[in-house]
Amino acid sequence: MKKIIILTVSVLLLAACSTQQTLYSWGNYENASYNYLKNNDELSTQELIKTYQEIIDKQKGKRGAVPPGIYADYGFILLQANRTEEGKAMLLKEISLYPESKVFIERILKMTEK
Amino acid sequence: MKKPILLLVFTATLLTGCSTMMSVIPKSEAYKGMYAEKPLSILLMPPINKSTAVDAKEYFHSTLSVPLANAGYYVIPAFLSMEILKRESAYDAELFLDTPLKKFGEVFGADVALFTIIHKWDKTYGMVYVDVEYIIKSVKTNEILYARRGQINYNTTVQSNVSGGGLAGALISMAVTVAATAANTAATKYVDVARIANAYTFKDLPVGAYGPYNPEEPNEMAGLKEFTVTLNSQYKTY
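So the protein sequences, as listed, match chains C and B.
Going by the numbering used here, the first sequence opens with residue 60, and the numbers climb by one from there.
Going by the numbering used here, the second sequence opens with residue 7, and the numbers climb by one from there.
Hints listed in this document are in silico derivations from the structure and should not be mistaken for laboratory results.
Computed from a predicted structure; not experimentally measured.
For each residue, glycine too, the CB sits at the ideal point set by N, CA and C.
Any given hint could turn out to be false.
[To be verified] Here are the in silico distance ranges between beta carbons for each label pair: (1) C:Gln80 with B:Met227: 18 to 28 angstroms; (2) C:Gln112 with B:Pro224: 38 to 48 angstroms; (3) C:Glu101 with B:Ile31: 46 to 56 angstroms; (4) C:Glu101 with B:Glu94: 42 to 52 angstroms.
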């Protein structure tokens with residue numbers, strides 16, 4: 060009996076410290092950005108683009124919002140791949156979702172005009 | 007009689023693993039500036055690498071966004087800001103540790119800047135010894151709002167799959183959802199260790215504007231300002 064109680068308590072305690080849902084879901088973000096930094100080739104760029112798209116389309120975090128910086132960095136990668144219009148559109152999405160990014164992102168948008 | 011005691015010890019060990027060692031100073035005091043300024047946006051400064059691991063800087067940088075965003079902060083886009091910092095010759099963050107940060111507020115819209123200093127990153131067989139310092143500074147007042155330094159000893163011999171543990175094993179697999187890591191290369195381990203170091207350190211970071219508000223939080227104890235801990239791949243990063 061004692062054993063069962065201890066077990067139950069253990070499970071409950073463990074559950075309490077491990078099953079928290081995070082604010083955002085990140086999919087394969089960490090590995091994809093690592094591979095992109097490491098290899099910086101076509102394959103890793105495509106993998107990163109796919110990952111950004113998944114974070115946006117399949118967001119499962121507690122906030123139900125795209126995480127900070129995702130639209131902007133996605134836009135940056137698209138700009139670098141010469142997909143300028145799509146890239147700019149992503150940067151604008153960052154501003155509308157996170158107005159605090161306006162100062163910085165508008166600066167980037169201006170740089171793309173040059 | 008023996009088994010319940012074993013279980014208790016086991017539980018205690020696991021619990022220790024999930025909570026940061028605490029100081030006796032409440033967060034409201036240890037991180038007074040964080041509560042006073044309530045920073046919203048964080049700029050990740052390029053890590054300052056004093057270790058012998060040459061790639062540490064960029065890789066470590068790439069692991070910082072997730073824990074800070076999950077803690078409720080607006081993290082200024084990592085790749086984009088890194089690119090601009092490089093272009094503006096601000097890639098060496100050590101130059102800015104003791105200088106006014108106002109400019110970073112103006113350019114990036116940052117409220118605070120996170121400096122990270124990798125003091126040590128040594129690999130030996132089965133272990134990675136890491137010594138990392140985290141400093142959050144206000145760009146307005148230049149004051150340090152949050153600082154912790156950890157000696158993290160990462161045991162690489164502990165595998166992700168716990169087998170043959172019977173009940174104990176079952177408990178672990180229930181508690182720890184281990185994501186399958188695609189490649190178990192030495193380099194991947196590097197970011198794994200970084201993630202765990204970040205997660206462990208930032209456990210006591212006051213929650214940011216997008217996080218769940220907890221009125222009790224300021225009364226919780228802050229973690230130790232300097233700590234030493236041994237962790238492995240089973241440590242849950244979030």
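Tested hints:
Taking the beta carbon of each, Gln80 of chain C and Met227 of chain B are about 24 angstroms apart, inside 18 to 28 angstroms as hinted. A hinted range of 38 to 48 angstroms holds for the C-beta pair Gln112 of chain C and Pro224 of chain B, which are about 39 angstroms apart. Checked against the hint of 46 to 56 angstroms, the pair Glu101 of chain C and Ile31 of chain B passes, with Cβ atoms roughly 51 angstroms apart. Roughly 28 angstroms separates the CB atoms of Glu101 of chain C and Glu94 of chain B, a value that falls outside the hinted 42 to 52 angstroms.
Taken one by one, the earlier hints fail for this structure only at number 4.
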